[in-house]
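Undergrad: Chains A and B are the protein sequences, given in the same order. The opening residue of the first sequence carries number 1 in full-length UniProt numbering; numbering runs sequentially from there. The opening residue of the second sequence carries number 1 in full-length UniProt numbering; numbering runs sequentially from there.
Hint data in this document are derived by calculation from the structure and do not stem from the laboratory. Beta carbons: idealized from backbone N, C-alpha and C, even for Gly. Mixed in with the good hints there might be a few duds.
[What the hints assert, rightly or not] To give an idea of the chain A side of the interface with chain B (calculated C-beta under 10 Å), a few residues:
1) D11
2) A13
3) T14
4) E20
5) S33
6) F38
7) K56
8) L58
9) F67
10) L109
Below, each chain spelled out in residue letters.
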Amino acid sequence: MKIPGAKDTIDEATFEQILEMDDDEEEREFSKSIVYDFFSQAESTFGKMDGYLEKKDLGQLSALGHFLKGSSATLGLTKVKDSCEKIQHFGQNKDETGTHDEPDDEKCLEKLKDTIAQAKQEFYDVEKILKKFYHDEA
Amino acid sequence: MDIFRYTPIPTLVLDCNKVIRQVSDSYLDVSYTRSRERILGIQLEDFFKGSNLPFLSASVTLEALVTAQATHRPCLLHEVVTEGVTAWSVRVVPIRHHDRFLYFIVEFNDTSEAYLKQLELDQRLTTNETFRILVETVKDYAIFMLDPKGHIATWNAGAQKFKGYKREDIIGKHFSTFYGEEDRANDKPGRELKIALRDGRVEDEGWRYRQDGSKFWANVVITPVYRGETLIGFGKVTRDLTERREAESRLISAYEESAKLKSEFLANMSHEIRTPMHGMLSALTLLLDTNLDPEQLELARVIEESGAVLLQVINDILDYSKLASGCFSISTDIVSVKDILSSVCRTFQPNTTAHTVMDMHLDPRIPASAEGDALRYRQIVQNLLSNATKFTEEGYVHVNVTLQREELDGYIILTEIVDTGIGVPPDASGTLFTPFTQFDNSATKRYKGTGLGLSICKSLAELMGGEIGFRPNPEGKGSVFWFTARLKRVKKAKVMEKLEETMAALAVASETNSLDELREIAKDKRILLVEDNPINTKVMVKMLKGLGFQFIDKAGDGRVAASLAIKDPCPYDCILMDINMPVLDGVGSTKEIRNAGITTPIIAMTANALKGHAEAYLSKGMDFYVAKPVDRKLLMKGLLKCLKLEELQEDEKPAETPRTEEPTTNGERSSGLLEIGAQDLS
Chain A
1 MKIPGAKDTI
11 DEATFEQILE
21 MDDDEEEREF
31 SKSIVYDFFS
41 QAESTFGKMD
51 GYLEKKDLGQ
61 LSALGHFLKG
71 SSATLGLTKV
81 KDSCEKIQHF
91 GQNKDETGTH
101 DEPDDEKCLE
111 KLKDTIAQAK
121 QEFYDVEKIL
131 KKFYHDEA
Chain B
1 MDIFRYTPIP
11 TLVLDCNKVI
21 RQVSDSYLDV
31 SYTRSRERIL
41 GIQLEDFFKG
51 SNLPFLSASV
61 TLEALVTAQA
71 THRPCLLHEV
81 VTEGVTAWSV
91 RVVPIRHHDR
101 FLYFIVEFND
111 TSEAYLKQLE
121 LDQRLTTNET
131 FRILVETVKD
141 YAIFMLDPKG
151 HIATWNAGAQ
161 KFKGYKREDI
171 IGKHFSTFYG
181 EEDRANDKPG
191 RELKIALRDG
201 RVEDEGWRYR
211 QDGSKFWANV
221 VITPVYRGET
231 LIGFGKVTRD
241 LTERREAESR
251 LISAYEESAK
261 LKSEFLANMS
271 HEIRTPMHGM
281 LSALTLLLDT
291 NLDPEQLELA
301 RVIEESGAVL
311 LQVINDILDY
321 SKLASGCFSI
331 STDIVSVKDI
341 LSSVCRTFQP
351 NTTAHTVMDM
361 HLDPRIPASA
371 EGDALRYRQI
381 VQNLLSNATK
391 FTEEGYVHVN
401 VTLQREELDG
411 YIILTEIVDT
421 GIGVPPDASG
431 TLFTPFTQFD
441 NSATKRYKGT
451 GLGLSICKSL
461 AELMGGEIGF
471 RPNPEGKGSV
481 FWFTARLKRV
491 KKAKVMEKLE
501 ETMAALAVAS
511 ETNSLDELRE
521 IAKDKRILLV
531 EDNPINTKVM
541 VKMLKGLGFQ
551 FIDKAGDGRV
561 AASLAIKDPC
571 PYDCILMDIN
581 MPVLDGVGST
591 KEIRNAGITT
601 PIIAMTANAL
611 KGHAEAYLSK
621 GMDFYVAKPV
631 DRKLLMKGLL
641 KCLKLEELQE
651 DEKPAETPRT
661 EEPTTNGERS
671 SGLLEIGAQD
681 LS
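Here chain A stands alone, though its shape is the one from the complex (with noise of 0.2 Å):
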């Protein structure tokens, strides 16, 4: 692994074919770019959840939830990935999985209080791995 700690947080083979794309190995311009890009966008994603969790708009959590899903599928942070999963099922009503129907909108807020909370750890404990392999310990 090239990343130290980020064994479980971050899915080797997906975030290897992004460094793969850089085209200087010590300035790893392209990747940097992306993953701080990422960063901003999470940390606004969040915003915004707080935002509808406030108002109580499962669509809107779901549909962020399938947004940030996105881009950390493509960086292959995978718990984020995982729990944004979570969010997107919760905010349709669903449970976890996806796979049962929860019809109770205060329970699905529930969840997603929590899993909100525990996306944004995550986040944070990734974005502390990678900046230190972006040597951007500040």
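The hints should help you fit chain B onto chain A, whose structure is shown.
TA: Same frame as chain A, now just chain B:
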């Protein structure tokens, strides 16, 4: 002494010698005595001598006086004067001073009202008591009261017997204790009380649980109980129906078993009968070819005709019993609706009378060939047409076939047989498709048949994913029998083989070869990337550039994608399509692009990596499917396949129809990789 004179209570005042010293006006009124003077100064015993008061017996009054005198205390005695009507009381108050009696005050009171009330109360108590004893001793029903909130308030022997709880264990508990977990979770008990309040009663059958956890099938009736306007609770009567239910299910299984045996028996028997019938009919055919004199020929023809009818009857029974026992399957082969109909109509043409016109109208949209069970489709048409010609003596028999609906993977074909025959009386139309019924017994005699034909048709239509029905001919006389059948689109084997070869060839090439090959093909191809997440877009663009693409357009949602792609000709050689997107999703966008007649390969990309999704996207007009995160090798494989396919299509196009002149050649294409080729190569 005015007090005693004017008191409203009829009163006599006696001195120590029981001589009447004062009489109240009220006493005079009730005793109908006119003159006070005739009473005053008379000793009470003398006053009573030989006569009772008009309202109370003398003896009771004297008894009260004696008692008061003896006890030195006031004495009150009651007497029922007329049973069930009037009652009076007498109260004697002894007034003493220095151990001597001074006076006795004797008061009379009409207590009829109180007496009557008491009588009524006694009666009611007796009734209540009777009911209570009845309810408590009933053992076959659990009868008990709930308070308005549903807590158990009373308990009877029946309840204890089949719910297991003792009175002291259960009183005060909520009645939902008897319900199963699921019922409790969805608040069935609460809903039942609400319904009982709304409708005045609720009845339910379901599983209830005993104290030991075992369950029984119960019939429950809950009735709200009011006192005046106030709800005081609910009466609840529960019956144990477990035995009845078991008996029912035993009956049902016995019935099913016997029905199955019957069907099996019929199936076997009809088969056994059919064999010798065939032998007989074949021999008969040979016999008809020999030299028979006219009389013999006539007889032989009768045998032949009856034999044919008998064979039909046997075939019907065989089909019916197979359908009924569920061991009838629909086979899949190529169906040409037009050929079948022409052939069936030809068969029936001779059966029609001279006054009957028979014709056929076929919807031009009916596919020349489709996949389905040709034999069974034919059987339905044949049966309906046979009825129509049988029952129509003049007028027409029309056969109309229309394409009711076209779906992604098939067609729904509606076939109608319209005749001007005897029609169906309204009261019989309900049982038309029920086995062994014929709407008219006289018809049976006149028109031969088993009464199975239509019910067989019904089962067959349902097996073919369709329906069957009847309505009167709107033109007045006769009937319209119709049925629908679902036929699948044809997969063309030839095309599949060819594509499989191509793909096999692709698979053999090594990865580096593929990359080189793709880079070679890609450099002058234009590609459209549809993706709403900017990060994914950035990564995909980088990846595509790495694969040799130079012309990459981007669209942030399906709407933009459609407007970019729907041009004449379409500017793209391949479209990479995300599925979940705002404004218009990938499936919708693909639909619009395909509806515009554009055949450019579309590769679906999505993180909804569930099994079966790939097939679903392919059926929605996409050609390939890549799961997210997009794997470079898989993407490469998909792109190669799609771009090569494009080239293949270009090559296979007839020279005289260049693409630019006829952009909608493949406009009908709506599903799947394999069918792109199908349209072009067939």
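Undergrad: Hint by hint, note whether the structure agrees.
TA: Results of checking the hints against the structure:
| no. | hint | result |
| --- | --- | --- |
| 1 | D11 | holds (8 Å) |
| 2 | A13 | holds (8 Å) |
| 3 | T14 | holds (5 Å) |
| 4 | E20 | holds (8 Å) |
| 5 | S33 | holds (8 Å) |
| 6 | F38 | holds (5 Å) |
| 7 | K56 | violated (21 Å) |
| 8 | L58 | violated (16 Å) |
| 9 | F67 | holds (6 Å) |
| 10 | L109 | violated (20 Å) |
Going down the numbered hints, you'll see the structure goes against 7, 8 and 10, while the others check out.
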